[in-house]
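Heads up: the sequence lines are chains H and B, in that order. Counting in my numbering, the first sequence runs from 1 upward without gaps. Counting in my numbering, the second sequence runs from 152 upward without gaps.
None of these hints come from the bench; they were simulated from the model. Ideal Cβ placement from N, Cα and C applies to all residues, glycine included. One thing to keep in mind: the hints can contain errors.
[To be verified] Straight-line distance between alpha carbons at most 25 Å, and here's what the computed PhoX-like set of lysine-lysine pairs gives:
no., chain 1, residue 1, chain 2, residue 2
1, B, K385, B, K474
2, B, K556, B, K533
3, B, K501, B, K491
4, B, K501, B, K488
5, B, K408, B, K385
6, H, K128, B, K474
7, B, K408, B, K398
8, H, K137, B, K488
9, B, K408, H, K128
[To be verified] To give an idea of the interface, some chain B residues facing chain H are shown, with a C-beta separation under 8 Å as derived from the structure:
no., residue
10, A262
11, L660
12, S664
13, G802
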Amino acid sequence: MQDVNSGYSPNIVAFCCNWCSYAGADLAGSSRLSYPANVKIIRVPCSCRVNPMFVLKAFQRGADGVILCGCHPGDCHYVTGNYYTRRRMALLFSFLDYLGIERERTRVEWVSAAEGARFSAVMNDFVKTVASLGENKRLTDLRCKEGSDNA
Amino acid sequence: MQRIGVFICWCGSNIAATVDVERVSEVIRSEPGVVFSANYQYMCSENGQQLVKNAIKEYNLTAVVIGSCSPRMHEATFRKAAEEAGLNPYMVEIANIREHCSWIHKDREEATEKALVLVRTAIAKVNLDAPLQAGESPVTKRALVIGGGIAGIQAALDIAEAGFEVDIVEKNPTIGGRMAQLDKTFPTLDCSACILTPKMVDCAQNEKIDILSYSEVEEVKGFVGNFSVKIRRKARYVDETKCTGCKVCMEKCPSKKGLNEFNMGLNNRTAIYIPFAQAIPNVAVIDPEQCIKLKTGKCGICQKFCGVGAIDYTMKDEFIERKYGAIVVATGFRPLKPDKFNEYGYADNKDVITSLELERLMNAAGPTDGVLLRPSDGTHPKVITFIQCVGSRDTSGCGKPYCSKICCMYTAKHAMLIREKYPDTEVHVFYIDVRTPGKNYDEFYRRAVEQYGVDYIKGMVGKVYNQNGKLMVQGSNLIDNEQVVIPSDLVVLATAIEPEPSVRKVATLLTASIDTNNFLTESHAKLRPVESPTAGVYLAGVCQGPKDIPETVSQASACAAKVIGLLVKDKLKTNPCIAHPDESMCNGCSQCANVCAYGAITYVDKEFRLGGGKTEVRRVASVNPAVCQGCGACTVTCPSGAMDLSGFSSGQIMSEVEAICKM
Ligand SMILES: Cc1cc2nc3c(=O)[nH]c(=O)nc-3n(C[C@H](O)[C@H](O)[C@H](O)COP(=O)(O)OP(=O)(O)OC[C@H]3O[C@@H](n4cnc5c(N)ncnc54)[C@H](O)[C@@H]3O)c2cc1C
Ligand code: SF4
Ligand code: SF4
């Protein structure tokens with residue numbers, strides 16, 4: 001997805017747990033349920049593997065949105081992992097909001113292995129939301145942006 | 152620096168039609184560390200794998216990246232290929248450029264760009280991969296089957312046949328499940344008991360099988376090959392080893408008001424009872440809710456009359472702990488209670504019954520000795536109306552959204568059996584669709600219509616009401632496009648079936664996943680239909696989805712084959728992608744053990760050298776590699792940054808983030 005006027009196209013990092021959401025993304029794929037190419041998925045065993053540092057790193061490196069997907073509460077492959085995620089990210093996201101990373105740029109969603117349609121819908125919606133906010137400039141390390149040597 | 156080989160798969164045209172595979176392969180060639188890059192039509196094919204093996208040897212590759220379908224599909228395939236070429240299998244990473252790219256994007260330019268990013272991300276990860284060694288864990292050569300219906304019985308018999316010990320844990324006083332309640336069974340109309348009870352006896356006589364009836368699973372620890380299960384043996388108040396099943400106690404027991412569950416509450420039973428004549432074990436049980444002795448302390452008649460001294464009113468629940476290598480879940484189903492559906496008047500009219508109640512009314516061992524009589528007044532019903540899909544295919548929220556699959560067939564069966572036995576009876580069936588796929592199934596249904604003259608009416612029923620002792624069934628006939636009212640003597644509801652509710656507890660104990668309808672989910676709907684996503688747990692029968700007896704038995708035997716395949720192994724490879732603390736950074740704070748759902752983390756005292764000849768003893772975390780499941784919860788919790796996860800290390804994920812954001 002790209003803004004026709006500005007040419008701006010958000011870059012989105014999606015952390016997906018191996019058992020539910022990554023499989024849900026696979027199902028979205030095999031069902032040909034499209035969502036914008038802006039979304040790039042990193043596979044983690046459980047959503048609880050996502051350290052707040054990874055999210056901060058993404059924003060520092062110029063990501064415009066970060067989304068974590070895990071199994072539905074009660075269905076975590078590792079029993080309780082997604083509960084940790086829920087609590088950790090609630091805290092982190094409000095902290096990020098305080099720093100000026102809008103709340104809409106961060107999200108936790110539960111997507112099961114059977115919910116390919118939901119995966120695609122969530123991603124479509126998230127990309128649209130982030131695109132409407134424009135580029136994330138707040139936390140971005142300017143050295144990481146295009147044209148710099150550190151890129 | 153790794154020496155990386157990158158292989159881009161076309162997947163026929165699945166990837167190549169949308170992603171410019173040649174270009175990806177070309178551009179990636181100049182990435183730092185990449186010493187070989189190729190693309191091929193089918194990487195997973197024999198030739199594709201050979202390409203990887205040859206390149207590993209020829210270019211001395213230390214790491215491999217495959218741009219292909221999902222790692223859930225072929226990660227294992229490529230790891231094995233790498234291993235065969237002498238590379239550590241964990242030095243392989245997959246970039247998912249099919250499910251996550253070519254299949255969901257249309258624009259070739261965009262998809263190619265994204266594929267490049269995904270491959271670069273995999274390169275970033277593989278750069279930090281370290282060779283991992285899968286550990287080994289021993290296999291306990293004994294299986295547990297939870298639920299003793301036909302599914303559990305079949306699975307247990309097959310496993311025992313192969314020479315392994317197996318325990319059946321059944322929550323009811325007898326095994327047999329729902330099939331024991333049925334009269335005759337489609338499509339062949341053989342008597343259910345005649346085909347089931349010999350199997351039940353086989354279970355009892357097989358020395359490899361231990362039937363733990365009237366028992367429930369309370370706690371499950373461990374993992375595939377090494378489960379440790381705590382089982383509650385509910386107090387029966389009758390010594391199973393002494394009781395001979397003579398039934399004297401049942402004759403003498405003065406408390407006769409208990410609802411007979413086996414007969415779907417259509418008649419009563421004594422407080423001490425044997426559920427049915429062919430029960431296995433054929434041992435009495437006391438219902439503490441009904442027993443006068445247990446409630447008031449007075450009575451004790453059964454004890455007086457029991458010739459072998461089997462009655463023991465002081466019996467308490469007991470717990471036993473056993474070890475298993477594999478677990479089969481076969482907890483079955485229950486029919487949905489139709490009282491929520493006011494339109495059918497089930498709660499208000501005794502002569503509106505469910506299909507399972509009808510099975511009991513037609514069964515020779517049932518409350519009416521097999522004579523079909525109305526529950527209200529004991530007369531012969533002359534007009535019987537069946538209503539199909541009660542609570543099935545119901546998206547209103549009141550019922551179940553799925554098709555219960557067996558009702559079309561058993562309703563045709565009921566209609567036919569009634570017409571056969573009582574030819575003067577008029578039989579109507581309201582249906583939405585008749586769904587009878589299966590060998591000889593459609594023929595079976597057509598026989599009901601053509602040979603037995605059953606009146607099938609396509610349409611839904613709006614209301615059942617009582618008018619002068621007749622049950623008026625008001626519905627629509629969609630074919631003739633008219634409203635019809637059928638005055639009936641008996642109305643039979645083909646109610647939806649739903650998973651036995653206790654399956655939720657079982658699923659939680661086993662960390663097996665369950666869908667929104669409480670059916671257990673299989674590991675892969677098509678390719679791994681009898682395995683749960685939790686390793687070592689298998690699914691048989693209706694607990695996995697609605698099915699009839701032939702399907703249940705096939706699935707149970709398939710489960711048994713899987714279990715046998717597991718139990719013949721002496722050792723299992725364990726997943727090496729597990730947590731490990733950096734002992735020099737760990738301060739023994741215990742936070743990691745608090746979040747570990749598996750109790751994999753303990754603490755040990757270790758001696759550290761401080762320099763200058765001094766040493767210090769510190770408490771540090773230690774992860775049990777056989778117990779850790781590799782979720783990573785501890786890694787994020789650790790305030791010292793000491794805990795990391797092999798295969799998904801913090802450094803790796805950070806570098807993946809960087810690779811994605813580098814644009
Ligand atoms: C009215 C009716 C008529 C039918 N007619 C036919 C027919 O003619 N032909 C045909 O092929 N099929 C028929 N069926 C379908 C048939 O009954 C099922 O396919 C079959 O019973 C499924 O067997 P199962 O072992 O999966 O489940 P079940 O028979 O339900 O057995 C499950 C067992 O597990 C036990 N259990 C449950 N939870 C636990 C727990 N937590 N711990 C321990 N034990 C537990 C239960 O007590 C039970 O003994 C009919 C079904 C109905 C309702
Ligand atoms: S990775 Fe998960 S299972 Fe392993 S020790 Fe850490 S918390 Fe426990
Ligand atoms: S949380 Fe970290 S520091 Fe604390 S005991 Fe576990 S590994 Fe050691």
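How the hints compare with the structure:
| no. | hint | in the structure |
| --- | --- | --- |
| 1 | B:K385 to B:K474 | holds (20 Å) |
| 2 | B:K556 to B:K533 | violated (28 Å) |
| 3 | B:K501 to B:K491 | holds (15 Å) |
| 4 | B:K501 to B:K488 | holds (14 Å) |
| 5 | B:K408 to B:K385 | holds (22 Å) |
| 6 | H:K128 to B:K474 | violated (52 Å) |
| 7 | B:K408 to B:K398 | holds (17 Å) |
| 8 | H:K137 to B:K488 | violated (58 Å) |
| 9 | B:K408 to H:K128 | violated (65 Å) |
| 10 | A262 | holds (7 Å) |
| 11 | L660 | violated (10 Å) |
| 12 | S664 | holds (6 Å) |
| 13 | G802 | violated (11 Å) |
This entry does not satisfy hints 2, 6, 8, 9, 11, 13, going by the numbered hints stated previously.
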